[in-house]
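Novice: Just so you know, the sequences run in chain order H and Y.
One point on numbering: in our numbering, the residue at position 186 of the first sequence is 187, and numbering is uninterrupted.
One point on numbering: in our numbering, the residue at position 143 of the second sequence is 205, and numbering is uninterrupted.
Mixed in with the good hints there might be a few duds.
Said to hold, decoys possible - Subject to a maximum C-alpha distance of 20 Å in a straight line, what follows is the list of computed PhoX-like cross-link-like pairs (lysine-lysine): (1) 143/H - 176/Y; (2) 115/H - 80/Y; (3) 48/H - 33/H.
Hints in this document: simulated from the structure, not taken from any laboratory.
Next come the chains, spelled out residue by residue.
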Amino acid sequence: MSKYLLLRHLEVPDLHNIKVYVKHGGFAGLKKAVTRLQPAQVIEEVKASGLRGRGGAGFPTGLKWSFLPNNLWPHYVVANADESEPGTFKDRELLERNPFQFLEGLAIASFAVKAHDAYVYLRGEFWQQAVFLDNCIVEMQKAGYLGDKLFGTPYSLRIHTHLGAGAYICGEETALLESIEGKIGQPRLRPPFPAVEGLYSKPTVINNVETLANLPFIIENGASKFCEYGTVKSPGVKIFSLSGRVNKPGNYELPLGATFRELIFGLGGGIPNGHKIKAIMQAGASSSIILADDKALDTPMDYESVAALGAQLGSASVIVIDDSVSLDWLINKTVHFFKHESCGKCTPCREGTYWMSHLTEKVLQKDRSAEDVQLLNTVARQMQNKCLCALGEFSIMAVMTAIERFPEDFTVTNGR
Amino acid sequence: MNQTAIKYAREIEALFAKYPEEHRQSAVMPLLHLVHQDNSFISKHAINDIAEIVGISTTEVASVVGFYTLYHDHPEGKYRFQICTDLSCALQGADEFLRALCAALEIDPGGTTKDGLITVEEVMCLAACDKGPLFQVQGKDGISYHERQTVESAMQTVQELREQEKHE
Ligand SMILES: Cc1cc2nc3c(=O)[nH]c(=O)nc-3n(C[C@H](O)[C@H](O)[C@H](O)COP(=O)(O)O)c2cc1C
Ligand code: SF4
Ligand code: FES
Numbered sequence: 002m003s004k005y006l007l008l009r010h011l012e013v014p015d016l017h018n019i020k021v022y023v024k025h026g027g028f029a030g031l032k033k034a035v036t037r038l039q040p041a042q043v044i045e046e047v048k049a050s051g052l053r054g055r056g057g058a059g060f061p062t063g064l065k066w067s068f069l070p071n072n073l074w075p076h077y078v079v080a081n082a083d084e085s086e087p088g089t090f091k092d093r094e095l096l097e098r099n100p101f102q103f104l105e106g107l108a109i110a111s112f113a114v115k116a117h118d119a120y121v122y123l124r125g126e127f128w129q130q131a132v133f134l135d136n137c138i139v140e141m142q143k144a145g146y147l148g149d150k151l152f153g154t155p156y157s158l159r160i161h162t163h164l165g166a167g168a169y170i171c172g173e174e175t176a177l178l179e180s181i182e183g184k185i186g187q188p189r190l191r192p193p194f195p196a197v198e199g200l201y202s203k204p205t206v207i208n209n210v211e212t213l214a215n216l217p218f219i220i221e222n223g224a225s226k227f228c229e230y231g232t233v234k235s236p237g238v239k240i241f242s243l244s245g246r247v248n249k250p251g252n253y254e255l256p257l258g259a260t261f262r263e264l265i266f267g268l269g270g271g272i273p274n275g276h277k278i279k280a281i282m283q284a285g286a287s288s289s290i291i292l293a294d295d296k297a298l299d300t301p302m303d304y305e306s307v308a309a310l311g312a313q314l315g316s317a318s319v320i321v322i323d324d325s326v327s328l329d330w331l332i333n334k335t336v337h338f339f340k341h342e343s344c345g346k347c348t349p350c351r352e353g354t355y356w357m358s359h360l361t362e363k364v365l366q367k368d369r370s371a372e373d374v375q376l377l378n379t380v381a382r383q384m385q386n387k388c389l390c391a392l393g394e395f396s397i398m399a400v401m402t403a404i405e406r407f408p409e410d411f412t413v414t415n416g417r
Numbered sequence: 063m064n065q066t067a068i069k070y071a072r073e074i075e076a077l078f079a080k081y082p083e084e085h086r087q088s089a090v091m092p093l094l095h096l097v098h099q100d101n102s103f104i105s106k107h108a109i110n111d112i113a114e115i116v117g118i119s120t121t122e123v124a125s126v127v128g129f130y131t132l133y134h135d136h137p138e139g140k141y142r143f144q145i146c147t148d149l150s151c152a153l154q155g156a157d158e159f160l161r162a163l164c165a166a167l168e169i170d171p172g173g174t175t176k177d178g179l180i181t182v183e184e185v186m187c188l189a190a191c192d193k194g195p196l197f198q199v200q201g202k203d204g205i206s207y208h209e210r211q212t213v214e215s216a217m218q219t220v221q222e223l224r225e226q227e228k229h230e
């Protein structure tokens, strides 16, 4: 078996060149889907693979596709390449170095839901990646992998790129759709869900770049082959973006269920400068912070095991915090981020992130009081379950778990 | 006269082909990017033009400009150095890098150099968290990343841009 399913460019030089990609089996999955399978069969295969969304929410991909009604047309597929969660940089590597596998996956998804136009929404900062992707799309067209009558069948498909312009909230799927429609990126009320009323009010599938990049393997080799990787409930592999206080930061592909220890101390080379690991943020700035004791380090990184630690795997962006970092400083950073990125549509999040940032600044001061910390915790708890979209909920995770799990960083007399 | 429509006639045609005919509003963001790239900001005039091109109100276009951080509605430096000071980068010394670079350029964060060439801004995560400290440069060539930076390497980029400017 090849070492990688997704980061295959680490083994195959120049995989971003279409000739090299084809030579290494590229587009075999797409060809098989379009020429030998019915769209419904593709959906069934993906369902059987147990593939879950890699954008953060972990929703079963095949199931999501099956929600599209068959009496409303056209259908659209949108690839989410907004990648703006602090600590996350995996989709960017795929776009730059294994772009055709992602595009092939997007084409397979489009065929499965009978879409003839697909959009790739890239964060505005991915300007060069968008230019590059546009070239890749042209090359696929020239080679007959996109356009009219694919592989001599009646199926036709076009892929278009659309650049955002700097807004984390546009990674949220309904805000993303608003943004493609040329509006400000504020989430929509749900229901209706995008599967029924999505882009231009038409049935729409939205999937993360990494999710889509898994599809060529699944279709070419079958669901059972895919399930040989990972755990029973979390099959497949995952790209872990490793950053923070670690010797070898970077993207690492591992089967779901590998442990934090394998990632951080094995591949990541441990903690620099003789420091000890203190905490783990495994879902970027949106994490519930995990206290990095032996039990946590030996926990398998899959959706269920991480949930059992009182956290969520999310986008699997593992930020390592060492014992020189105080968490009052850290949550001031994360809250500052969410305050900046709150779209302002609903009051609990707009006002809550504003007040939390005021309080995290205060908590950072030498003369902070126990009341300041308590008030911060109260504001966070008051926001819980009241926000219109998940951004508001994300913003309180680190705050509440830091105060709860690392009380020593919030005492009034810890040397301040 | 709609200057923007004339200047970008070819691009507008391509953009309209990309989105369904009844959804030309989708061309707003790409058009704003074009204008921003050429002028390093988006003027009121351009906002009016774009509103007319896609057939929506000026207010709607202006609100899009206001919402997204990569659009600016007033002129500053020709090039914007956008330094990530978010969590992972801060753990790698990005705050110190920002201060040191600003000191070397004799400006405050958010400020513009005397020659009007460079504005330094603090930004949120740029999806390159393993390669901090880093910044992107937003200017007439679009956006480019400069990773694993030191004040010396950043100042070298500044120097190159200053040289380039002299020859234009
Ligand atoms: C505030 C916010 C930001 C998000 N950012 C991203 C993102 O950058 N990339 C992404 O794929 N999903 C992001 N998501 C999740 C998407 O809403 C959506 O669940 C995902 O794109 C679905 O694709 P998947 O099922 O393949 O994971 C974000 C969600 C929220 C609430
Ligand atoms: S929770 Fe925050 S980001 Fe989400 S809709 Fe409300 S204000 Fe906007
Ligand atoms: S935190 Fe700076 S690039 Fe992600």
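Novice: Given the proposed pairing of residue 48/H with residue 33/H, does the C-alpha separation stay at or below 20 Å?
Specialist: OK: residue 48/H and residue 33/H at ~17 Å, within 20 Å.
Novice: For the pair supplied as a hint, residue 143/H and residue 176/Y, is the alpha-carbon distance within the 20 Å limit?
Specialist: violated (49 Å)
Novice: Verify the proposed pairing of residue 115/H with residue 80/Y, using a straight-line Cα cut of 20 Å.
Specialist: holds (19 Å)
In summary, the one numbered hint that this structure violates is 1.
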